[in-house]
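Q: Generate the whole structure from the sequences, applying the supplied hints.
Listed in order, the protein sequences are those of chains A and B.
Number 265 in this note's numbering belongs to position 263 of the first sequence; there are no gaps in the numbering.
Number 540 in this note's numbering belongs to position 539 of the second sequence; there are no gaps in the numbering.
There may be inaccurate statements among the hints.
Claimed, not checked - Just a few of them, taken from the derived set where beta-carbon distance is under 10 Å, the chain B residues facing chain A:
#1 A270
#2 E424
#3 F434
#4 S440
#5 Y564
Hints are computed from structural coordinates only; laboratory data are not their basis.
Note that beta-carbon positions come from the ideal geometry of N, C-alpha and C, so glycine has one too.
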Amino acid sequence: MLTFTIRRLVLAVPTLLFISLVIFMLLQLAPGDPMAQVPLTVPPEVKEKMREALGLGAPVHIQFFKWIVQFFWVEPQVLIDHLFGTTFSEGQLRVLSWQTRSPVMDIVVQRLPQTLWVVGMSYVLGVMIALPIGIYSAYRQYSAFDQIGTFVSMVGFSVPTFFTGVLLIVIFSVNLGWFPSIYDTTHKVTDWDSFVYQLRQMIMPVAVLALYNAAQISRFMRASMLDNLNQDYVRTARAKGLGEKTVVLVHVLRNSMIPVITVIALGVPQVFGGAIITEQVFKVNGLGQLLITSIEANDLPMVQTLTFIFALLIVIFNLIADILYGILDPRIRYD
Amino acid sequence: MTLKSTLLGAAALVAIAPAAFAERGADGHVNVIYWQAPSILNPYLSGGTKDLESASMVIEPLGRYDPEGALVPFLAAEIPTLENGGVSADLTSITWKLKPDLLWSDGTAVTANDVKFTADYCMHPEGGCAQLAKFEGVSAVEVIDDLTVKVTFSEPKPNPYGPFMGGQSPIIQAAQFAECLGAKAPECTEANFNPIGTGPFRVTEFRPNDVISLEANPNYRDPAKPAFATMTFKGGGDATAAGRAVLETGEFDYAWNLQLAPEVIQQMASAGKGQTIAAFGSLVERIMVNMTDPSPSLPEGERATTKHPHPFLSDPAVRKALSISIDRDLLVEIGYGQAGRPTCNLVPAPAIYASDNTDCLTHDIAGANALLDEAGWVRGADGIRAKDGVRLSLLFQTSTNAVRQDFQALIKQWWEEIGVETELRNVSASVFFGGDPGSPDTFQKFYADVQMYANNFDGTDPEAYLAAQTCDKAPRPETQWQGENITRFCDPAHDALVAELGRTGELEKRGEIARKLNDMVTKESNVIIPLVDRGRVSAHSNTLGGVVLNTWDSELWNVADWYRIK
Chain A
3 MLTFTIRRLV
13 LAVPTLLFIS
23 LVIFMLLQLA
33 PGDPMAQVPL
43 TVPPEVKEKM
53 REALGLGAPV
63 HIQFFKWIVQ
73 FFWVEPQVLI
83 DHLFGTTFSE
93 GQLRVLSWQT
103 RSPVMDIVVQ
113 RLPQTLWVVG
123 MSYVLGVMIA
133 LPIGIYSAYR
143 QYSAFDQIGT
153 FVSMVGFSVP
163 TFFTGVLLIV
173 IFSVNLGWFP
183 SIYDTTHKVT
193 DWDSFVYQLR
203 QMIMPVAVLA
213 LYNAAQISRF
223 MRASMLDNLN
233 QDYVRTARAK
243 GLGEKTVVLV
253 HVLRNSMIPV
263 ITVIALGVPQ
273 VFGGAIITEQ
283 VFKVNGLGQL
293 LITSIEANDL
303 PMVQTLTFIF
313 ALLIVIFNLI
323 ADILYGILDP
333 RIRYD
Chain B
2 MTLKSTLLGA
12 AALVAIAPAA
22 FAERGADGHV
32 NVIYWQAPSI
42 LNPYLSGGTK
52 DLESASMVIE
62 PLGRYDPEGA
72 LVPFLAAEIP
82 TLENGGVSAD
92 LTSITWKLKP
102 DLLWSDGTAV
112 TANDVKFTAD
122 YCMHPEGGCA
132 QLAKFEGVSA
142 VEVIDDLTVK
152 VTFSEPKPNP
162 YGPFMGGQSP
172 IIQAAQFAEC
182 LGAKAPECTE
192 ANFNPIGTGP
202 FRVTEFRPND
212 VISLEANPNY
222 RDPAKPAFAT
232 MTFKGGGDAT
242 AAGRAVLETG
252 EFDYAWNLQL
262 APEVIQQMAS
272 AGKGQTIAAF
282 GSLVERIMVN
292 MTDPSPSLPE
302 GERATTKHPH
312 PFLSDPAVRK
322 ALSISIDRDL
332 LVEIGYGQAG
342 RPTCNLVPAP
352 AIYASDNTDC
362 LTHDIAGANA
372 LLDEAGWVRG
382 ADGIRAKDGV
392 RLSLLFQTST
402 NAVRQDFQAL
412 IKQWWEEIGV
422 ETELRNVSAS
432 VFFGGDPGSP
442 DTFQKFYADV
452 QMYANNFDGT
462 DPEAYLAAQT
472 CDKAPRPETQ
482 WQGENITRFC
492 DPAHDALVAE
502 LGRTGELEKR
512 GEIARKLNDM
522 VTKESNVIIP
532 LVDRGRVSAH
542 SNTLGGVVLN
552 TWDSELWNVA
562 DWYRIK
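A: In structure tokens, the structure reads:
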């Protein structure tokens, strides 16, 4: 297992380098101009000077090399400095956003809390709702509960979050006035009242995303349970005289969870990627909103860094999913 | 909790002493929402309106434009003019005097050195300053004494109010930005995010592309202002959500630039929590007519250049017919409501520069048909007019935007009624307005027959704006497709008049020349077909007082005067 992990980690390095090159080339080829948002009243000569100041004049391979050095060499030093109070990175140029002219990683760090709170919470909640629904739906296949569960997950699957989000805002913010429609990212939880406020502002975005996540995972859970319920070992267990509870929740559930856990692990990078649309609808201004505004503004260093971080997370969680699979299922051996 | 205690404190203050009304910070907290989030608070590094306007609460210029477009002194004691001797008789220099005893928000004194530094900062050759055009023609900025600064121009400047005037050109603190000149400008994140200013508010926390927390500047020059102690300036989302937060849920006090369908705004306003305000500036939605041939059959490098005149749009009758067949009233009603009015002018305001040109306002399909008949364009079997084998078939492009696509559909219909076939196309705004010379889809390259977008000018003087239509400013391969004369219109008489405007200092005469220039490109030649004079609609809650919408400067220009209506 250890050699497998090491081999995979070593293999990940060229993979990630290749991914970063592909992202970079795609962004270079994509049409668009960071000056597009500058008003037309700014004359073209001035825009040209601004482009030069951003380093756009440099040849493509130099731009790529600069990014690689800044991301893999300077940024880790900044992190070390931050953690241990050292000064390795002093005077070195970090990856700077074209829009804000500030280090990209600082903004990413600033955006992480709200994304993890809202999107992460919705993922946890979604999983917690989905598992019981999936288990019971499979156990009582074609029952009224199963039908309703199927209907709800179909709704969650097919109704886009920009619709459910706005619907919730219109009902609960505009008509009932219960929850704020705009998320306050500067809010700090210090006591009971501020905690209640935090709950109120999180309820709607979390609910919207949880519905979507729960819909997906409950379908996986149900399918996986159904596969196992008809297996011979289940019949054996029942024949041994084990209670239904033990049969379903211990024997079947354990085996059914193996693929579901993989699916859940593979879904975690999405949490970090943020929920672009939901974040926009509720003004959560997390990583998803950061990505979309950077794309709109053609802020290439920001887009490049964010997409690369997502790629990194996907590679890592793929590895985690594979390892978990090996640990959970004794039949799987990598060595 | 600080917010709540401030609010409570403010409420208590008001309860005990009604006289506390005119006290700084007495009205507690105010919430402002901009659906485009500010990225940086240094207007010299970003031309974006969102950045400029949010920064305008913190850093201020020497003078601003008021809602009528008149000049008002801010940091300056008065506006220098020819009459008061501030502008030299030969129009080559302007001398600004600062108000005495001005303080930065950190408590140090504002001096003429800061003003000079601001010019040095923006005019640094490696800085990539977004407002460099404001400093065009400046040959020297000298400090005369602590409160006096003199700007000298290399040639007579009839409009010397470029530097240090308006939201684009605020004064920054020399001490804070001293290490940020030139190529170092982007590295000064702390200064760019938290500029020390003279404005009514100062930044307590800046989160790029998200939210700004501000508090009243303790050293603001008027001890009774601002009435609000703190402000949250939220950014992001979309115009609908911003409008909703002010007009329907009442969570926010002010929402900027609600570019929404008129009926949507009306419906939101009916909730009774707030009201909309509108004002007009110089922004005109227009159709630009390509005077050169954009045909893809031409070799790259010659396509859409003056080497090949347009096969049918070079006929003035066709251009005029295209213009008068448009029903501008209907366009306004559908697209802009109270935020628009039909116009035939490229320069719709200020009054002295606005021509009395109203010919195009009558929607005249019959007239347009007669015009084309007369010019020899005959309808074929398919209803499309043609002459000498040239069919009136054109490609109409614009940026992707709901209102613009509605306009395209309507205009296509009117043009088909006069026998002009129209193919529609829309391009993502980031590509269309981006100046990428490699892209065939930019508005500068103009690989289409006609295109629609909006443009305006900074401040109240249209000289540079009108001078953009001269022959030498046509985008072409030799200039990497940069240039502002998008139509490639070229008329020596027009260029001569532009040169004359540059030499004329007298306001009356300038107005006359500007009006003539406006008429030359609009009603006389129809190379620019103005459609809608676009105003600005913003919204504020019923409890927010003192809001005066200003389209000539930052919308938040008088944020110091805002107060809570009780």
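Q: If a hint holds in the structure, say so; if it doesn't, say that too.
A: Here is what the structure says about each hint:
no., hint, result
1, A270, "violated (13 Å)"
2, E424, "violated (21 Å)"
3, F434, "holds (4 Å)"
4, S440, "holds (5 Å)"
5, Y564, "violated (23 Å)"
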